[in-house]
Amino acid sequence: MSTLKIEDVHSDYQGLVILNGLSLNIQRGEIAALLGPSGCGKTTLLRAIAGLQPISAGRISINKRLLSGDEHFVPSEQREVGMIFQDYALFPHLTVADNILFGVKGLTSAERQARLTEMLALVKLDGLEKRYPHELSGGQQQRVSIARALAYEPELLLLDEPFSNIDAKVRNEMMLEIRSILKQRDVSAIFVTHSKDEAFVFADKLALFNQGAIVQYGCAEALYSAPADKYVAEFLGEGNYLAAQVVDGFTVSTPLGMLVSTAPMLFDVGHKGELLLRPEQIDIHANGQGDGLIVERRFLGSNCYYRVLVGTQGYDVRSAKNDLALGERVHLAVIPHSLVLLSPAE
Amino acid sequence: MILGFARRWSLISYLIAVILTLPLLAIIVQAAVPGEAIFAHLLDTVLPTYIFNTLALMLCVCIGAVVLALPAAWCIARCDFPGRQLFQWALLLPLAMPAYVVAYVYTDLLDYAGPIQRGIRAVFGWQSPQDYYFPDVRTLMGAAVMLALVLFPYIYLLARTAFMEQSSSLQHAARVMGCSPWQSFWRLSLPMARPALAVGASLVAMETAADFATVSYFSVPTLTTAVYDTWLGYGSLSAAAKLSAIMLLVIFCMIGSERFARRKQKLFQKQAELNERDRYPLSAPKAWLATFYCAGLLLLAFLLPFGVLVSYAWQYFEVSWNHEFLQYSINSLYIALLVALLTAVIAIVLMFVRRCSPRRSDLLPSRLASTGYALPGTVLAIGILVPLTYMDFTINDIYAYFDRQGPGLVLSGSIFALIFAFSIRFVAIAIGSVESSYKRISPTLDMASITMGLRPNALLRKVHLPLLRKGIFAGVLLVFIECMKELPAALLLRPVGFENLATYVFQFVSDEQLEHGALAAIVIVLVGFIPLIYLNRSLEHNT
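The listed protein sequences derive, respectively, from chains A and B. For the first sequence, the numbering used here gives the first residue as 582, with consecutive numbering after it. For the second sequence, the numbering used here gives the first residue as 2, with consecutive numbering after it.
Here chain A stands alone, though its shape is the one from the complex (with noise of 0.2 Å):
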């Protein structure tokens, strides 16, 4: 069953078009980043699943309750979604104690205690009820900040770019604490962040923005290894894009030679497109003969960054092996996977 269900939403701004008809479904308990460059639109999108957006055109509901829409419209106090700003938010004139509280209706003092003592405990700031924001460090913030989200129980819980603010050697850690508060609770998010790798670690689906519009919608891995097209093959990673033209059902001719596919290619024969490599799907060994040649090294860790030349055209590669040197000569073969041809760009 769906919580979330976005149908053909329309907004704009000034006779600016910022969100051109956009569709997105979320199911319960499912965490999904809406990503993409900034002024893309996916802050305004959750702004307008919060209400505090106009759409022009199309329905938001949660739960089948609509809530933008058909010249309806339930305002943001009565929506029932929590929200977690990139400034975190917090009220600077009260407490951690009330900041957590604020939202949380209709309980008796007893229950507010335990519900308090309940969410410190999630967030593991137990003992410091009684301090007020700017006595916290930015982390402590962010807990509060989510503590007092979740407080109130939402139906779907909203962060707008939450980990910008907190430092990275510290980011990793806090996203995957987070992710496993909402995961227990069994809670649905939308998760905005213009930084793929951020997406990754956080969300279960990922919705990837270009213009007001999503352009692909899935798992992490479905389009890091199978994009739609080539704005979002670049935008998830680096890749190598190779003039290509398919023979058969299976084979596509490029310039490293004939390539054969794990998974049959939808294509007719004779299409012309552009073929994706990502650096780490090109094997990369050292072969005096070899008609490539290494003209830039990178030592990154755990592997090693070769830029190699095959005649004119130059190949990003990224492989285990960082024992080849600068200048040597190499021969470089594509690993067996399920190709993706790309529609050539406008």
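In short, the hints are calculated from the structure, not lab data. Just so you know, nobody snuck in bad clues.
To spell it out: a stretch of chain A is covered by chain B in this simulated footprint if at least three of its residues, at any positions, have a beta carbon under 8 Å from a beta carbon of chain B; those stretches are:
no., region
1, 633-643
2, 647-660
3, 672-679
Listed next, with one range per pair, are the computed distances between beta-carbon atoms:
no., chain 1, residue 1, chain 2, residue 2, range
4, A, K686, B, I13, 26 to 36 Å
5, A, P635, B, W90, 46 to 56 Å
6, A, H591, B, G5, 15 to 25 Å
7, A, D593, B, A38, 55 to 65 Å
8, B, L250, A, H591, 41 to 51 Å
9, B, L327, A, T689, 54 to 64 Å
10, B, L327, A, K686, 45 to 55 Å
11, A, R766, B, L466, 27 to 37 Å
12, B, L87, A, D593, 55 to 65 Å
13, B, I13, A, E802, 52 to 62 Å
Because the structure is a prediction, the values reported are computed rather than measured. Note that CB positions come from ideal geometry on N, CA and C, so glycine has one too.
Fit chain B to the known structure of chain A by using the hints.
Same frame as chain A, but now just chain B:
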């Protein structure tokens, strides 16, 4: 912004805005009604002189204030010299002095019978005014000097801030490229401070245009005194309204030019502040010159007149400390308090709507309500009398229709008119104060609150009000003080027999008896100190 924010809030804010702009509308309407004999007569005879005097006075005061303020502002912002820390705030003190009190004190010192001229005569053995030349204080130029002495701190304050905000890297660049400190002042500091100077000058010009007491005391006829005389002398509200309209035209031209000057201000304020270490260390003679200049300015503009007031108050304490003084102090206090609280409530409502409403049209009411600050007290008073007398007549007509004795001038002849006028004139201060507080509350707090189920009224009560507390308090304080000081509107609108401290002091000034009113004048000055402390502290924090 809250989508679906109830329209009744917008309605309330528009209602408030309309009520507060009523006087402005009244003057515009009255000005459009065909003229009567008195106005035509004024136009033929004295009006050109009045307009000339007003403009000449504004120009002279602006020039005078810039000349007085600029050296002090630059030295304090950019140089190190003995007493710098003290002068930094002390040069704001003259703002607390009412110009007419300064004018009175200098007239007393400088006229024929005063100590200066007596001394000169004694030294040179002169016997009569024919023997020597001495400038007359009670002229347009004299009034300009008096006003410049009390108004220069506006320019000083803005220029000082502007100089301090100019980043040191720019100064360094100029120095590296071969500018002497003097050249870098003319080529860099001054042009960059120009918007701030323009804002300061327009404030000074507006205060000058609104000044009634000084020019009236010096018998220099300006548009402001003309408005006053036309109403109280000829009893012609419509001619007074037409004069007011001319005055408004002058004021609005000024505001327009100020906005024009301010349009680039953001550019100048973005830069990092000046580093403490980058002040010029002055050589001893230059440093003492700077100290001497600032000390002289402070002495002339504040210490001397205030000293004279204190000595008057000391000598005449027995006469001054009487029932009247206490009664009028209480009058001033409670009106000021009432207006301060009223404007705070209005400001909160208007700014709350402005913040929450998703409708662009709701930006308008708070702007409309703020226009009152541009109206000089006399003009505002006329603008208030027009609709209030009309309403009074209507009320009495209704009573008469039912053969009953009407209540008389319940609106225009009571302190209602006074409170109405003060609220209109000073609500802009409260709005500004609440507005700047609001800017410091992140909009995400609103979003967080309403996503957690808070309705707009609860948002105001539980989140905004606690966070706005300081801004509201500052607004209340500033409005309170302005109300204590405001004279022209009080003179025109006070009910018969009602006095407050300002009108009381002015009465003594025009009767050449300030000695007896010195105690009341000191109260006004001391109350005026409070905002200066606040103003200076907030600037220190910002920069």
